[in-house]
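There are 2 protein chains.
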Amino acid sequence: MSGAPAMEADAMEGLKAAMAEAASEVDEMLDALLPKEEGEERSLFAAMRYATMGGGKKLRAFLVLEGARQFGVARHSALRAAAAVEMLHGYSLVHDDLPAMDNDDLRRGKPTVHRAWDEATAILVGDALQTHAFATLAAPETHSDPAVRAELCLQLALASGARGMVGGQMLDMMAEKATAPLDEAAIGRLQMLKTGKLIEFSAEAGAILGRAAAGPRNCLTFYGREIGAAFQIADDLLDLTATAEEAGKATGKDAGAGKATLLGLLGPERARIQAERLVEQAKRHLDGFDERAGLLRALADHVIRRRN
Amino acid sequence: MSGAPAMEADAMEGLKAAMAEAASEVDEMLDALLPKEEGEERSLFAAMRYATMGGGKKLRAFLVLEGARQFGVARHSALRAAAAVEMLHGYSLVHDDLPAMDNDDLRRGKPTVHRAWDEATAILVGDALQTHAFATLAAPETHSDPAVRAELCLQLALASGARGMVGGQMLDMMAEKATAPLDEAAIGRLQMLKTGKLIEFSAEAGAILGRAAAGPRNCLTFYGREIGAAFQIADDLLDLTATAEEAGKATGKDAGAGKATLLGLLGPERARIQAERLVEQAKRHLDGFDERAGLLRALADHVIRRRN
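Protein chains in written order, with the working numbering: chain U, 1 to 308; chain L, 1 to 308.
Bear in mind the hints are in silico, worked out from the structure with no lab data behind them. Owing to the predicted nature of the structure, the values given are computational and were not obtained by experimental measurement. It cannot be assumed that every hint is accurate.
In this list, chains with the same sequence are indistinguishable; a pair is considered to hold if it fits within one copy or across any two.
[Stated by the list, open to error] Cross-link-like lysine-lysine pairs, in silico, DSBU-like; alpha carbons within 35 Å at most:
hint, residue 1, residue 2
1, Lys177, Lys16
2, Lys110, Lys16
3, Lys283, Lys16
4, Lys177, Lys36
5, Lys57, Lys110
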């Protein structure tokens with residue numbers, strides 16, 4: 001019994017090291033994939049790099065890589081898909097931070113793109129990062145099987161479009177202006193769309209790359225769904241308790257802006273219990289996987305313990 | 001000899017009728033593909049429809065459809081690809097019109113999206129339309145061959161991303177702030193990126209759908225390139241001479257804003273001669289095609305004669 005907490009601490013250290021290693025590999029891939037800072041329009045290229053490289057936990061990329069590991073996908077394929085997901089995520093952050101949206105000055109401890117450059121550049125950077133995500137997935141270098149590439153493009157688009165991430169952002173904006181607070185079902189739907197769908201896709205992408213059967217593919221998708229929901233609660237708890245320095249962005253904004261969060265509805269205690277329940281469910285979806293899923297299991301535990 | 005102008009007038013009438021018919025078919029396809037105006041986030045869906053349906057010449061869609069006709073592509077496939085290109089084009093217009101970009105109030109004779117709704121909605125509408133273009137191309141319904149779908153996604157992304165349309169928009173923004181005017185080569189590059197690449201892709205898409213050999217595919221691509229360049233000059237001439245009512249948008253802005261156009265550099269006479277030369281070259285790329293290319297030939301002639 002006495003070994004358990006130590007083992008858990010070991011797993012946590014192993015996870016952190018693996019995530020840092022993966023983030024650095026993904027940064028290298030982003031460096032290779034994104035346009036070099038040259039030519040007349042180099043400030044666009046520079047800002048695309050600024051918005052995606054060298055910062056952030058790259059959780060979504062990690063999910064792609066670890067999902068891919070379950071099916072023995074070639075590292076180069078997995079890294080390209082992981083980089084594409086980070087481009088998509090980066091685009092959403094750049095546009096989310098715009099004055100007309102959340103109007104944020106700080107992101108990952110650095111000025112947001114529209115602060116470091118200007119608003120027009122930030123709009124174009126987000127637009128181009130989205131495009132580049134699809135260009136990356138569709139290119140023959142990502143996988144020799146065009147059916148895999150087309151499926152990756154389709155599922156990423158479904159996860160991030162009007163009925164996915166962007167739809168969720170629209171609901172979020174509307175919630176801020178609404179007079180009546182959202183109920184639990186409405187908040188759940190909003191967050192499932194806004195952040196959940198892309199995390200779900202990230203977990204599923206490895207199975208698509210590995211041409212996995214529907215069974216294991218669905219297990220990863222469901223794992224991603226629970227992890228995504230737990231991650232959102234953890235993010236809200238962090239916003240409540242962490243300092244801006246720890247989080248690398250403005251914190252305590254949610255309560256101030258009357259943001260629709262499960263935390264606001266349930267309170268921190270019940271929200272934390274809910275997140276723990278989600279983590280347990282997430283791990284259960286991995287029951288059919290072998291020891292290669294160790295980092296995915298550790299990640300589930302990590303989600304609700306992180307400080308940034 | 002005396003029959004030639006009459007034949008030409010007939011061809012022009014035939015083209016106009018065909019373009020109107022195609023635009024209406026593409027609108028039907030957009031109606032089928034875009035999310036219905038229902039649910040909490042219906043204003044997002046409504047604005048996506050507003051930005052793409054029921055207005056505009058749908059030149060790009062027409063190019064897709066007529067390109068596809070050369071290779072006997074199924075109408076349903078061609079219409080889906082045509083609708084996707086119009087979604088992509090619509091997104092670029094919505095973002096281009098934003099206050100931080102061109103700050104336009106009028107588009108196709110109607111208030112721009114950020115005027116009819118608000119800025120945040122316009123940002124999200126553009127984002128979601130881009131995503132939906134890729135979702136449409138990647139879906140199995142567009143073509144039974146996944147290699148065709150992946151190639152369509154890849155080429156659309158290359159045409160519209162940081163090294164295509166968005167790169168061109170960046171150059172355009174920079175040109176407006178620049179102290180020295182651009183030279184002919186720089187303007188040519190700007191316009192090739194900003195509007196040329198997507199028109200080129202539109203002409204090429206039919207060949208991709210038809211799994212055409214490199215030879216005829218390149219002919220269509222080159223045709224699209226010349227048409228695109230001629231179209232840009234015609235657009236600038238129109239901006240100079242047409243009324244806002246005719247054009248459905250603010251005109252005379254280019255000269256006022258010191259916009260970098262070939263027209264500004266060459267003057268109207270030389271610019272018109274240049275456009276006519278491009279039209280002749282465009283038609284020459286169709287020499288190897290049979291009578292099915294009649295509308296593409298007529299379109300080339302039409303480009304520099306249109307009033308809106």
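Status of each hint after checking the structure:
In this assembly of identical chains, Lys177 and Lys16 lie within 35 Å of each other by CA distance neither inside one copy nor across copies; the values are 39 Å within and 46 Å between. For the homomeric pair Lys110 and Lys16, the shortest alpha-carbon distance inside one copy (22 Å) is at most 35 Å, but the shortest distance between copies (53 Å) is not. In this assembly of identical chains, Lys283 and Lys16 lie within 35 Å of each other by CA distance solely inside one copy; the values are 18 Å within and 61 Å between copies. With identical chains, the CA atoms of Lys177 and Lys36 are at most 35 Å apart between copies only, with a shortest distance of 23 Å across copies and 41 Å within one.
When the C-alpha separation of Lys57 and Lys110 is checked against a cutoff of 35 Å, the pair qualifies only within one copy, where the shortest distance is 14 Å, while the shortest distance between copies is 44 Å.
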